[in-house]
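Visitor: Bring the two chains, given one by one in their own frames, into a single complex with the hints.
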Amino acid sequence: DAGITQSPRHKVTETGTPVTLRCHQTENHRYMYWYRQDPGHGLRLIHYSYGVKDTDKGEVSDGYSVSRSKTEDFLLTLESATSSQTSVYFCAIRHLGGPYNEQFFGPGTRLTVL
Amino acid sequence: GDSVTQMEGPVTLSEEAFLTINCTYTATGYPSLFWYVQYPGEGLQLLLKATKADDKGSNKGFEATYRKETTSFHLEKGSVQVSDSAVYFCALAIVDRGSTLGRLYFGRGTQLTVWP
Chain D
3 DAGITQSPRH
13 KVTETGTPVT
23 LRCHQTENHR
33 YMYWYRQDPG
43 HGLRLIHYSY
53 GVKDTDKGEV
63 SDGYSVSRSK
73 TEDFLLTLES
83 ATSSQTSVYF
93 CAIRHLGGPY
103 NEQFFGPGTR
113 LTVL
Chain G
59 GDSVTQMEGP
69 VTLSEEAFLT
79 INCTYTATGY
89 PSLFWYVQYP
99 GEGLQLLLKA
109 TKADDKGSNK
119 GFEATYRKET
129 TSFHLEKGSV
139 QVSDSAVYFC
149 ALAIVDRGST
159 LGRLYFGRGT
169 QLTVWP
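These protein sequence lines are chains D and G, in that order. Read in order, the letters of the first sequence correspond to residues 3 to 116 in this note's numbering. Read in order, the letters of the second sequence correspond to residues 59 to 174 in this note's numbering.
Next up, chain G with everything else stripped away, as it sits in the complex (with noise of 0.2 Å):
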């Protein structure tokens, strides 16, 4: 079945530190891909997506790069900030016209805490 699996953390950085957080997914049909981030207190929030093989999705200067030949979907940030400091979740939606339901399969999360 589809699934995703996330590199499990928690990860801590020192302010400005490279930030990776691995991303393994598996699908039957041809997913959209997604990273969605969680602060403390408050709901998820779309950080970034891709839609198909070798697409890069960018924000707020991470990036996620789509790669159908690994199955692959890994969150990097070249200089982490405190702010950055929030949990992220993998996700993938199976990009079907004639479904009704659209779900989304998520990976468990990863906290990242960025120290000053």
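Just chain D, with the same shape it has in the complex (with noise of 0.2 Å):
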């Protein structure tokens, strides 16, 4: 267990409306990560951040913004949700000291736009 909390679990909301899902993280890591996860394409990185006020976008991030004021707080933000942003959205953390680049994820993030 990394102590990685997402919030809401599930959501369903209307095009056109903000949405905002928040991870949480317990360990101080300096590396999260956010990714959708759809049928037929595993996972996708959408953003990531490696460090309080620092993110940068992966490959799937048109729509999409994030924030990080605090280590421990990773928010995605869906400006004006859109159906095709219906997914499962995981976010994780990568542990530092090992050449690996392993990451741990959350729970994963429910969410249908209608």
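By construction, these hints were calculated from the structure, which means they are not laboratory data. Idealized CB from N, CA, C, for every residue including glycine. Some hints here could point you the wrong way.
Unchecked claim - Derived, one-sided and incomplete: chain G residues facing chain D with beta-carbon distance under 7 Å: (1) Leu102; (2) Leu105; (3) Leu106; (4) Lys110; (5) Ala111; (6) Ala151; (7) Arg161; (8) Phe164; (9) Gly165; (10) Arg166; (11) Gly167; (12) Gln169.
Said to hold, decoys possible - Using 20 Å as the maximum straight-line C-alpha spacing, the simulated EDC-like pairs for lysine to aspartate or glutamate come out as follows: (13) G:Lys118 / D:Glu104; (14) D:Lys13 / D:Asp40; (15) G:Lys118 / G:Asp142; (16) D:Lys72 / D:Asp58; (17) G:Lys118 / G:Glu134; (18) G:Lys110 / D:Glu104; (19) D:Lys59 / G:Asp60; (20) G:Lys110 / G:Glu127; (21) D:Lys55 / D:Glu29; (22) D:Lys55 / D:Glu81; (23) D:Lys13 / G:Glu100; (24) D:Lys59 / D:Glu29; (25) D:Lys55 / D:Glu74; (26) D:Lys72 / D:Asp56; (27) G:Lys114 / D:Asp40.
Guide: Okay, here's the thing in structure tokens:
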């Protein structure tokens, strides 16, 4: 258990509304990631963070923004949700100290955009 | 670019059968390789890993060997159980100490169902 929680765990919203998902970690990890999981695509990286206020885009970042104002929280915002953003969203952290780049995942948030 | 190609499922087996899920990769550097497992309704859990050629990762009866010559990391288990029913993801990460990203590249996942 890497001490990662995500909230909410489930959300249903309507097209055009803003949505914010929260990832919270308790172990002071520097690197945090947001992925989305869709059938037939595996997991795809949306955004990542390498420190407080240090973030960058992943491969599917359009329509998403992130913020990290403190080490323990990494927020993912959909400014105006669309049906194509219906997905399961996973947050992950990366341990430092080894060469493996292995990541540990939160339980996920299932988002439905109607 | 870096990528992972994973055997498509679903895979359906009887309990105690032998399991193989194929995974091949393309990488420009020297990747670390992983298998993750996702049980229904849960997040991904790291199942096993290997960091260099000929390494064998193992956990819970599952094994995978890092084969550089065939760029493969196939997952195997000699005798599956009903409790192994899950989605399995192969993934790679490029070991680049100068990079801040450390991203993982995932395969599409393979659904395994084991019947009693």
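Visitor: Within 20 Å, alpha carbon to alpha carbon, are Lys13 of chain D and Asp40 of chain D?
Guide: 16 Å, holds
Visitor: Does Glu104 of chain D sit within 20 Å of Lys118 of chain G, going by the straight-line distance between their CA atoms?
Guide: Measuring from Cα to Cα gives roughly 18 Å; hence the hint holds.
Visitor: Is the hint on Ala151 of chain G kept, meaning its closest Cβ partner in chain D is under 7 Å away?
Guide: For Ala151 of chain G, the interface hint holds, since the closest Cβ of chain D sits about 4 Å away, which is under 7 Å.
Visitor: Verify the proposed pairing of Lys72 of chain D with Asp56 of chain D, using a straight-line Cα cut of 20 Å.
Guide: Cα-Cα ~10 Å, so holds.
Visitor: Please work out if Lys72 of chain D and Asp58 of chain D have their alpha carbons no farther apart than 20 Å.
Guide: Roughly 16 Å separates the two Cα atoms, so the pair holds.
Visitor: Is the hint on Leu102 of chain G kept, meaning its closest Cβ partner in chain D is under 7 Å away?
Guide: 4 Å, holds
Visitor: What's the verdict on Lys13 of chain D and Glu100 of chain G, does the C-alpha distance respect the 20 Å limit or exceed it?
Guide: 16 Å, holds
Visitor: Min Cβ distance, Phe164 of chain G to chain D: is it shorter than 7 Å?
Guide: It holds, given that the least Cβ distance between Phe164 of chain G and chain D is near 4 Å, below 7 Å.
Visitor: Grab the minimum C-beta distance from Gln169 of chain G to chain D and call the hint holds if it beats 7 Å, violated otherwise.
Guide: Cβ of Gln169 of chain G sits 10 Å from chain D, so the hint is violated.
Visitor: Straight-line Cα separation of Lys110 of chain G and Glu127 of chain G no greater than 20 Å?
Guide: 12 Å, holds
Visitor: Are the Cα atoms of Lys118 of chain G and Asp142 of chain G separated by 20 Å or less?
Guide: Between Lys118 of chain G and Asp142 of chain G the Cα gap is close to 10 Å, so the pair holds against 20 Å.
Visitor: Just to be careful: measuring from the Cβ of Leu106 of chain G to every Cβ in chain D, is the smallest value less than 7 Å?
Guide: This interface hint is violated because 10 Å lies over the 7 Å limit.
When the structure is compared with the earlier hints, violations turn up for hints 2, 3, 4, 5, 12, 24 and 27 and for no others.
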